[in-house]
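Chemist: Using the hints, build the complex out of the two chains.
These protein sequence lines map, in sequence, to chains A and B.
Read in order, the letters of the first sequence correspond to residues 1 to 147 in the UniProt record's numbering.
Read in order, the letters of the second sequence correspond to residues 1 to 306 in the UniProt record's numbering.
Hints in this document: simulated from the structure, not taken from any laboratory.
Misleading hints may appear alongside valid ones.
[As the list claims (entries may be wrong)] Derived SDA-like pairs (lysine to any residue); straight-line CA-CA distance at most 20 Å: (1) A/K138 with B/K304; (2) B/K304 with B/Y32; (3) A/K127 with B/R194.
[What the hints assert, rightly or not] Stretches of chain A that chain B covers, calculated by requiring three or more beta carbons in the stretch to come under 8 Å of a beta carbon on chain B: (4) 23-35; (5) 64-71; (6) 99-112.
Built from N, CA and C at the ideal position, the CB exists for glycine as well.
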Amino acid sequence: MLNVGQLNEGVVLDHIEAGKSMSIYHYLKLDQLDCCVAIIKNARSNKMGKKDIIKVECPVDMLDLDILGFIDHNITVNIIKNGEIVDKKKLHLPKQIVNVIKCKNPRCITSIEHGLDQVFVLSNEEKEIYRCRYCDEKYHASKAKHK
Amino acid sequence: MRHIMSPLDFSVEELDQLLNLANDIEANPKKYAHACEGKKLATLFYEPSTRTRLSFEAAMMNLGGNVLGFSSADSSSATKGETVADTIRMVACYADICAMRHPKEGAPLVASLHSPIPVINAGDGGHQHPTQTLTDLLTIRSLKGRLDNLTIGLCGDLKFGRTVHSLISALVRYTGIRFVLISPEELRIPSYIRDDVLRENNIEFEEVERLEDALPKLDVLYMTRVQKERFFNEEDYVRMKDFYILDKKKMELAPQDMIVMHPLPRVNEIAVEVDDDPRAAYFKQAQYAVYARMALILTLLEVKVC
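Here chain B stands alone, though its shape is the one from the complex (with noise of 0.2 Å):
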């Protein structure tokens, strides 16, 4: 049994797999519709998510599963005093897997020391969140065809993007990968991505604030949101929030095979007008969110479909 915390718990063949798997759940679903028959899926949602949530809720269903849980700590024995480790052991008791997102970071991982069922960490507060970077890297390598030999624009908040920090995590294990990290000057990466990730990995990169100047020689441009909750002030916030607003005149400098990616809820980064263009992908995006969520659960209850 094994439990997933982080995007790099999985090998580069693991994960290969785990997106090949995802690859045939999307082309043939109706081969995986009753692989979960009389399996349940906890999930422990700590704090309000609402993709996060759905999507695991849809990926078991997808899969005949069954799902139960709770979606806020109010509503659950945390407002008790109960610990992370009491509750995942009385949720064995009821579920075959667990998803569970925390606003502490470090919770799932407490919760899999404890566990005896599969716990997949579905967002620990600003640390990881590898089931997204699954769907990334699933979109990327679906939309483009390939995981190696790409150039990489990361625009937004750089600096507490959890999303962007473990993307470019994972992607450092490809060959030919390149960023382009566009942000303000406040909101540009940490040092320990910077120097611990990138450079330690003799990663090609260069940081520039004109979403412009990146766009031309990008493959895919990963669109953030400046996070209100992040800043101490509000002023702060109001000046970063519509630092950049990707529209249809900004699209025409971009290649014709460009993706954009976004991790959503996006607020006003990118314009309504940009859904219609065949490159955006922020969509397709949610709808992988779903098959790679159904190959990480197949995978950690060891569910083989013939």
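One chain only, chain A, in its complex shape (with noise of 0.2 Å):
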């Protein structure tokens, strides 16, 4: 198997579904941030058959696990310090996101109105419905997930 650099300080993004990394890439900003990232594709997993991996060398802090969360919520967070695994976060569904999809109603204020964020607040957790804050239009967290 490939070997990227063991982290001694950071976070390991593991069981990213095959072909996504990319995407998640853009979500979490991580273009922005000054840091040493390593993007891993298709590597094999007992699990998944084929998966992405994300290194990033920075406090967990400065990644918003939220939009993790929204984006695949089955994604494994591994915290490193000092070489070491020393904490598994565990992602859900955020109640509540800003600015990471838009909406798509063309009747919505959010397509007129200026310096207004998106918002979507999440209306039934089971089925994984967004539903936009101002007008309710309708967003499947599972798509943000194929995008």
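Modeler: Encoded structure:
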């Protein structure tokens, strides 16, 4: 297996669906972080067959885990300190997401009002349904995963 | 301070209090004639409306208050590019309460997030119209004496009619409610109401196409207009617009204590000959709209009348 240098301190995002690592890279705005990022695509996985992995050398609080939970709450978040896994964070669907997805309803006020945040609120956790805070337009969280 | 964006913003208990207040206003209008003296209602109507705007203005005037505002976006600063957030902050300097109608869904909510005065959603696109629902509930409760154990027929455009969607969402909170949904195939109730509201709350309902089949079992018949602006082509509209016409002959099939409601304006869906039938309640409904809005203004301004 390909060996990418071990992290001393940082975060390893494991069990990312194969091929989705770049969209997560963008959602997490990793391009804007001034730290070392490694992306591993199509790594072998007993559980998933193939998976992607992202290693980020930065404190965990610099990453927006809410967004990660929204994209795919099955991703494993390993917190690394002194080269060891010290914690595994469980992801949940966030209650609210701000400026992650845009409302597609052309009749929504977000389509014309300047400076208005795009806010979606979790309305059905079981069915993973979010609704636009302003117009109630429905959005399935599973769509984000498959984007 | 609170705002009203959706008919579900009030609990069933709060709604009861509000409807009781509306009935007291109806019975004792003089008692409330000066309740809002010195207060101003701003009516911010970014799109044309006759009934809603006039009934808000009549409501505030009946309470002894004053009214200011605009009745189309053309006569507001929106044409200059002003945001809703800025408009409401400016209006709050001039008025004590505001009613906003806007073609964009969620605009009144944006206003409420920046407003130091209560904001009433007076209709936002095809989304919510809570004061119409309050009016409908007040009409049903006043004329039928209850909001539970009723069979309610909703007829016409059930697909695009926000009035119908809001009324269903409000009525499912009462026990023993049963719906008969009467529409052509093309204008049936959307799945988010059928699944997320009716089935989710285990509400008994049936969907039928013929009005005649439904009429004998109804306590309330709620007629709606097929709205031309909802159709992409004229041909579909022409085919649908006269699908249902309630006339004297059909009324013979209805129970003697059924009431006929309509949010107005009507086009052809209720024949003029039905207006004289004692069961025709749509003009009374327009009167109840004023009482409902008076009660809402008093409640949001926290004005107590002894």
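Chemist: Next step is simple, just say for each hint if it's right about the structure.
Modeler: Hint check:
Between A/K138 and B/K304 the CA atoms are separated by roughly 40 Å; this puts the pair beyond 20 Å, and the hint is violated. In summary, the hint linking B/K304 to B/Y32 is supported, as the alpha carbons are separated by about 10 Å, within the 20 Å threshold. For the proposed pair A/K127 and B/R194, the alpha carbon gap of about 16 Å is at most 20 Å, so the pair holds. With 0 residues carrying a beta carbon less than 8 Å from a beta carbon of chain B, the region 23-35 of chain A misses the three-residue requirement, and the given coverage is violated.
Beta-carbon proximity to chain B at under 8 Å applies to 0 residues in the region 64-71 of chain A; the threshold of 3 is not reached and the given coverage is violated. Beta-carbon proximity to chain B at under 8 Å applies to 7 residues in the region 99-112 of chain A; the threshold of 3 is reached and the given coverage holds.
Of the numbered hints given earlier, the model fails hints 1, 4 and 5; all others are met.
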